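Chains as they are written, first to last, in the numbering used here: chain A, 115 to 618; chain B, 4 to 332.
The hints are simulated quantities; they were obtained by calculation from the structure and are not laboratory data.
Here the structure is a predicted model, which means the values were calculated and not measured.
Take these hints with a grain of salt, some might be off.
Calculated pairs, DSS-like style, for lysine-lysine (alpha carbon to alpha carbon, straight line, at most 27 angstroms) [claimed, not checked]:
{"id": "1", "chain 1": "A", "residue 1": "Lys461", "chain 2": "A", "residue 2": "Lys436"}
{"id": "2", "chain 1": "B", "residue 1": "Lys159", "chain 2": "A", "residue 2": "Lys461"}
{"id": "3", "chain 1": "A", "residue 1": "Lys461", "chain 2": "A", "residue 2": "Lys231"}
{"id": "4", "chain 1": "A", "residue 1": "Lys500", "chain 2": "B", "residue 2": "Lys281"}
{"id": "5", "chain 1": "A", "residue 1": "Lys441", "chain 2": "B", "residue 2": "Lys132"}
{"id": "6", "chain 1": "A", "residue 1": "Lys216", "chain 2": "A", "residue 2": "Lys301"}
{"id": "7", "chain 1": "A", "residue 1": "Lys461", "chain 2": "B", "residue 2": "Lys132"}
{"id": "8", "chain 1": "A", "residue 1": "Lys216", "chain 2": "A", "residue 2": "Lys231"}
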Amino acid sequence: MTIDSQIMSSSPYLEFVRVSKSFPGVQALDDVSFSVGTGSVRALVGENGAGKSTLLKVLSGVYRASGGTLRINGVEQTFANTSASLAAGISVIYQELVTVPKLSVAENLFLGHLPLKYGMVDYPRLYEDARAALASLADDVDPRVPLGRLSIGQQQMVEIAKALTRGARILAFDEPTSSLSAREIEKLFAVIERLRGEGRTILYVSHRMEEIFQICDSVTVFKDGRHIETFETMDGLNQDILINRMVGRDIKDVYNYSSRSYGNVSIEMRNIMGPGLRQPISLQAREGEILGLFGLVGAGRTEFLKLIYGAVRRTAGEILLKGVPTKVETPRDAIDRGIVFCSENRKAEGIIPLGSVQENINISARRRYGHRFGIINETWEHRNAKEQVRALDVRTPSLEQRICNLSGGNQQKVILARWLSDRMNVILFDEPTRGIDVGARSEIYALIRRLAERGVAILMVSSDLPEVLGVSDRIAVMRDGTLSGVVERENATEQKILGMALPV
Amino acid sequence: MTSSEKTLETVKIPSFKKMDTAVLLDKAGMLLVFAGLFIGCSIFIDNFFSLRNMAGLSLAISMAGMVSCSMMLCIASGNFDLSVGSVIAASGCMAAVAINMTGSVVIGVLAGLGLGVVVGLINGFVFAKLGINAFITTLATMQMARGFGYIIAGGKAVGITNSDFFVIGTTYFLGLPTPVWLTLVTFVVFGWLITYTEFGRNILAIGGNEEAARLAGVPVVRTKIWIFVIHGLMSAMAGVVLASRMTSGQPMTATGFEMTAISACVLGGISLAGGIGKISYVIAGVLILGTVENSMNLLNINPFYQYLVRGSILLAAVIFDRYKRISAA
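Just chain A, with the same shape it has in the complex:
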């Protein structure tokens, strides 16, 4: 098989040449060059944020590359939008399938170019075409039923059929097996084999090592938006080598870790269960301890934090503060008891965009300190905002500035200022440095450390492995809605943590 595929992929069909993509404060893709031939399956691997998804989005025309070019069969391409990419024969099958669940399978297949007769949809022909398109992919599917009634695996087959009806020569799969059953995976792999046999080019993004060794002919490794290495053949390659290449990096110490002494157990989470988790989770954190929470995207970390915070209703479990069972049913309960939450999604769940910096700082603590009988104490509000802005070095032209005009790092500091204005014992931090540039990052780390020194218990979710290792005293690893283990700082290595996080 290897020899065959090498011969077939001798001429590169899809080429990335020095492709870059930057967002404000983040270099998502940095000078990436590699190529893939026809009739081959190429795995793209790397940690969260390594640049795989960005690469797929550049390929599908969702993003425009900031630099570099893309060639298909030697011809340079620039995609202004997704339809240009589709027209060039590229289809990306995303993890979250993009479908219209209430329309029929057939309508989904031919959405945008339904067969017409006298200006009306020609249903007999539509169903006939749909049956032809589904042949040998999902023969058991009736094209007339609503797509939403199919299983995820069947829906995926419909997506593949859709790509093929549009004449896709390049198919990219983003974590295709994440929600499939074993049998569906088997079926998917058979289809991928067939597509390869037909001479198509396939990109396969996955965290599951086992699958990669089963289905792929070659592997490209990404890290921090850069192309690290391409293994043109799987011979002599093993999981350890790949993981090593995925994580191996020069770790600069921006974390300034120093050990602290801890107090009593501050928060104990007992058998927490709810949406997004597959098994109850129990953890505890001491006063002054930083507990890191690592896992891949979708492992249920954010969901876990929200269950603790009362933002999402728990189905089971209880929370003990300093050993006392405590009612935390809503975010308001949590805040009243000194548990606060900094969302990873600042824009949707953190800031009040039209509100001023001062307003955003005071919104929560004011009911404890700021007012009498519901009337705002303007003097307190102004003084508190001023103190916080000075203490955290928030860069804003004035306290009246709307928060949406601030940079990500400064917005994060304002959210922190909101909680620092109040008394707090436990802080739930979800991706505290996401979208924040290096300068502000080290300030956030310093702040986390200071909070810990004051005796606050900190739960920090992060997808950034070096960050978790650099900041945490202990690391809890989650995998697929379950807790796969807790590691003390002394025993934690990148390989070990990542190994616990990757699907088995």
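Chain A is fixed; fit chain B onto it per the hints.
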């Protein structure tokens, strides 16, 4: 922190000149428009700037003024309430019927206001607690309140027998009609409410970003219910005042008044997207709308054309609002 890191994060500050005009426009834009309109009308329309017309004008806008204030709370939280007009009519009838039955003005007024509170509670509960969208919820209660008004009034206007009740609507105090005073007080109270109370700030936070507000500990459901209750109460107050002015409870009155209140708010600059609420905006919107209507009457413009003009003004206002939001983003 080194200086190079500092420049990395420095926020772009718009030039001062630009900011000044922007701030001025934002703060007083529509009030300036009103001032221009008022001066223009005074110069070009006979009898506009006369004592009699001014009293009439102020009385005409007093009802829209009261209701628009509480409508501002709704819109600032990102919602609106369509049941206003029906509540005005129903509470007027309620007051009339209660006064005729008991002979007591106090009981009549309380009954009228109570009806508004009940409708507000229903709106608030169904919308905030059950999570039904505000449009449908208030569309339903709009019909229910209208029907209730007709039922208790027996399908026609209810003349009020106790003339003590007319004090509210027909007397003057310091040269201004009493309803105008009530409206001025409403402006002051709601201006204070939205700016200087936690309740007001919570409304703006909910309208700006409901999920963020919830996660910051703002009692979202409770606040929303209060908004609708207050709005019901204010609509009922307007209804009671109207009944007093007309010396009867009329079940067919104030149809489409919700549109007047929403128009006034949007015209003044209260964004339908929520998150913005300033009493000066509401005042400006109410004044502009009232002045336009008044001058059209003075000019003897056919009422059919008046609809056309009012609609066009509202359309222009929302387009302007959208343009403002795009340029601000």
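Here is what the structure says about each hint:
1. Lys461(A) / Lys436(A): Distance of about 33 angstroms is beyond 27 angstroms: violated.
2. Lys159(B) / Lys461(A): Violated, at roughly 54 angstroms.
3. Lys461(A) / Lys231(A): violated, 47 angstroms
4. Lys500(A) / Lys281(B): Roughly 24 angstroms separates the two Cα atoms, so the pair holds.
5. Lys441(A) / Lys132(B): Roughly 21 angstroms separates the two Cα atoms, so the pair holds.
6. Lys216(A) / Lys301(A): holds, 25 angstroms
7. Lys461(A) / Lys132(B): holds, 25 angstroms
8. Lys216(A) / Lys231(A): holds, 23 angstroms
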